[in-house]
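*Asks:* Build the complex: two chains, separate frames, hints provided.
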Amino acid sequence: MPTPTTAFADAAAKYGNVDAQDIEAVQNWFTEVLPTLPPEVIEQVLHDLLERDGEIPERAVIPVYPKRAPLPSLGSSPHVDAPFFAEPWSRLLRSIASRLRKPR
Amino acid sequence: MGILRKRRGVPFARRAPTESGQDVPIHIAKMTAPHVMWWHSHVQPIIDRDPSRADNGWNWMLYVPFAELGGRVLMRKPVGYTVGLSDPESDRFVPCALVQLLGRVPALDEHDRESVFVWFLSTAPEEALTSIEDNRISKDQIPRRLGTIALDVAVTHSLNERRFGRTALYADERGGDVLLQWYRRRGMTVLPDEDKLPRGPRRLLKPSDGRYCYYTVPAAIEASKELDSLR
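Note that the protein sequences, when read in sequence, are chains X and W. If you use this note's numbering, the first sequence corresponds to residues 396 to 499, in order. If you use this note's numbering, the second sequence corresponds to residues 61 to 291, in order.
Here chain W stands alone, though its shape is the one from the complex (with noise of 0.2 Å):
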């Protein structure tokens, strides 16, 4: 499963779990502008008001067009994607979770191997999702493990680009000892603070730290296929 798994990708998740035992369908979009601005208008304001959150102060309206030009520009190949609730019906998108990656970067533990690299990952707290006017959620079906399929999202484009897997990130330190185990917890490795980071411009300028985090590829498939019941 593990080798098909790498050669054949795998699909994103649909569906995701809510307090009500029930799951419900969500999309995996392409970031646009539309989605940044509804997050920006309506989700960030409330991230805002908890100063014990990563993700306070963020301004995904800077992020995403300079990752998208930063990467470009680096040949780092960008891409946003966003996590939402679908509702056909009534043909609206609600987004519940923002990620934005660079596509090919040089993994942290094979220099020579490429990877995905998170640069930015946010989840909708359950405020935001339950206060939509003319569009409210209720609690019961707020979805769940929203940060894990956040990050499951990272490993996907990782295994369907031929990067087998490999993702890495940097835990902010605003998140302390909690967000580290957090990302253990998922089957990441931290990697030592005396390890050297690949060459590029974060080896000098944010330089190794233990809070670099990566998955190696039979960890990535480990992770992903604990997902495989919300494909």
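So that you can see chain X by itself, here it is in the shape it has in the complex (with noise of 0.2 Å):
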């Protein structure tokens, strides 16, 4: 298994001074506080936790869900491209073609 919740958790208390059983106040110190954090710092948590990849947790960590997030949205996720030449030829042709029947 991966890293433990309870890795990240003790991670976020040594390194944050984060309550450990807080699990929103630990996503929190990851999302919003350790990027602020110095190179070395961030270093050190990723090796805090690499230590610990495959650990069994020794306790629980209850985990919170966000409540009834709403689905994302197409407009917003675009697909990714992949690079000009590796479409088909047919796609490629019909790209070309869109582009030069739009209006200038």
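Some hints here could point you the wrong way.
What the hints assert, rightly or not - Below, simulated PhoX-like cross-link-like pairs (lysine-lysine); rule was C-alpha separation at most 25 Å, straight line: (1) W:Lys66 <-> W:Lys285; (2) W:Lys266 <-> X:Lys409; (3) W:Lys137 <-> W:Lys266; (4) W:Lys256 <-> W:Lys90; (5) W:Lys199 <-> W:Lys256; (6) W:Lys137 <-> X:Lys462.
Stated by the list, open to error - Derived DEER-like restraints, expressed as beta-carbon distance ranges: (7) W:Lys285 <-> X:Ala420: 21 to 29 Å; (8) W:Pro148 <-> X:Arg496: 19 to 27 Å; (9) W:Asn116 <-> X:Val428: 23 to 31 Å; (10) X:Ser485 <-> W:Arg204: 23 to 31 Å; (11) X:Arg496 <-> W:Glu233: 52 to 60 Å.
Stated by the list, open to error - Over 10 Å on every C-beta distance to chain W, these chain X residues come out as not near it, computed from the model: (12) Asn412; (13) Ile418; (14) Gln422; (15) Glu446; (16) Asp448; (17) Glu453; (18) His474; (19) Ala477; (20) Pro478; (21) Arg489; (22) Leu495; (23) Lys497.
It should be emphasised that the hints constitute simulated quantities derived from the structure, not laboratory data. Glycine included, C-beta positions come from ideal geometry on N, C-alpha and C.
*Replies:* What follows is the structure, given as structure tokens:
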């Protein structure tokens, strides 16, 4: 198994003085606070977490799930383009034709 | 075709097969916070009810920011992708699989070459897709082969980023032999446990134990070709 959530919680407690039982505070620390810390600290946190990779957690962390997060929108999730020449020729030609057809 | 694929890259999958026999359109998007938030709100609770799953207890809300940050500090070019069903009419995107990659790590078989490493990969159980309030997907429209498509995302990224298909991962212990066999069937090679990992923290902290798998360049190209009908 990957690094258990308890290892993340312990790292947030050790480096950020966060309550390891408060998983939302732990998530917040990793998202908001850790990016502002010096690279050496981030590297140390990574080291701590990798060290505990595969560990069977000695205590349970009660998961907290966000309530009713909305479905993401398609508009903000565009399909990732392949490199230009990776597309099949038929699709490339269609794409060139549609660009040429666009009014300037 | 193999040479062209290595040189030009390859498009991501755009369709997935279904039980109905008809393919459904899928989108491969860069992973964003709303994708992860929705996953942790709707999909992960269902995964967490099944202790037999390797991704039981995962917390993407922690993995994604950390993989991004840790990867950037170590210059590993982290990138996350979401495989999802697209519904242009309602402008909705339903995440069906998440893949977190490190885009630049030493290859397991040739340490002086660069490879992609799959850090986390998870697919939505059927129940998660048929139980979405106000956007139910019927059982026969559920995309199949999501694991294969998600793994193909990593190989496609590797081909398109000039890693020539080299892709590696660690098969979670909880998946047991079944998971290892699944990766073997996809054409991956298992690194023998006596072989050393490339230099780096993993060599010390998570050494080779017979569960690291990798694609050689020819095997990756073969695996990629197998999904051409879905691109």
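*Asks:* Compare the structure with each hint and give your call.
*Replies:* How the hints compare with the structure:
A C-alpha spacing of about 12 Å is found between Lys66 of chain W and Lys285 of chain W, which places the hinted pair at or below 25 Å, so the restraint holds. Among the hinted pairs, Lys266 of chain W with Lys409 of chain X is consistent with the structure: their alpha-carbon atoms are about 22 Å apart, no more than 25 Å. Distance restraint check for Lys137 of chain W and Lys266 of chain W: the Cα-Cα separation of roughly 20 Å lies within the 25 Å cut-off, and the hinted pair is therefore satisfied. Straight-line distance between C-alpha atoms of Lys256 of chain W and Lys90 of chain W comes to about 33 Å, which puts the hinted pair past the 25 Å bound.
With a C-alpha separation of about 45 Å, the suggested pairing of Lys199 of chain W with Lys256 of chain W is violated against the 25 Å cut-off. For the hint pairing Lys137 of chain W with Lys462 of chain X, the CA-to-CA distance comes to about 32 Å; that exceeds 25 Å, so the pair is violated. Between Lys285 of chain W and Ala420 of chain X the CB atoms are about 47 Å apart, so this pair departs from the stated range of 21 to 29 Å. Checked against the hint of 19 to 27 Å, the C-beta distance between Pro148 of chain W and Arg496 of chain X comes to roughly 20 Å, which is consistent with it.
For the hinted restraint 23 to 31 Å between Asn116 of chain W and Val428 of chain X, the CB-CB distance of approximately 28 Å keeps it satisfied. For Ser485 of chain X paired with Arg204 of chain W, a C-beta distance near 26 Å keeps the hint of 23 to 31 Å intact. At about 55 Å, the beta-carbon gap between Arg496 of chain X and Glu233 of chain W stays in the expected band of 52 to 60 Å. No Cβ of chain W comes within 10 Å of the Cβ of Asn412 of chain X; the nearest lies about 18 Å off, and the non-interface call holds.
Its closest Cβ contact with chain W, about 8 Å, brings Ile418 of chain X to no more than 10 Å, contrary to its assignment away from the interface. At roughly 5 Å from the closest C-beta of chain W, the C-beta of Gln422 of chain X falls inside 10 Å, breaking its exclusion from the interface. For Glu446 of chain X, the shortest C-beta to C-beta distance to chain W comes to about 5 Å, within the 10 Å cut-off, and the non-interface label is violated. For Asp448 of chain X, the condition that its CB be more than 10 Å from all CB atoms of chain W is violated, with the nearest at approximately 5 Å.
For Glu453 of chain X, the requirement that its beta carbon stay farther than 10 Å from each beta carbon of chain W is met, with the minimum near 14 Å. At roughly 5 Å, the least C-beta separation between His474 of chain X and chain W is not larger than 10 Å, which violates its mark as non-interface. With 10 Å as the threshold on Cβ separation, the claim that Ala477 of chain X sits away from chain W is violated: the shortest Cβ distance comes to roughly 4 Å. Listed as outside the interface, Pro478 of chain X is inconsistent with that label: its C-beta sits roughly 4 Å from the nearest C-beta of chain W, within the 10 Å cut-off.
For Arg489 of chain X, the condition that its CB be more than 10 Å from all CB atoms of chain W holds, with the nearest at approximately 13 Å. In this structure Leu495 of chain X is separated from chain W by more than 10 Å, as the shortest Cβ-Cβ distance comes to about 22 Å. Lys497 of chain X, annotated as away from the interface, keeps every beta carbon of chain W farther than 10 Å; the closest lies near 20 Å.
Checked against the numbered hints above, the structure violates hints 4, 5, 6, 7, 13, 14, 15, 16, 18, 19, 20; every other hint is satisfied.
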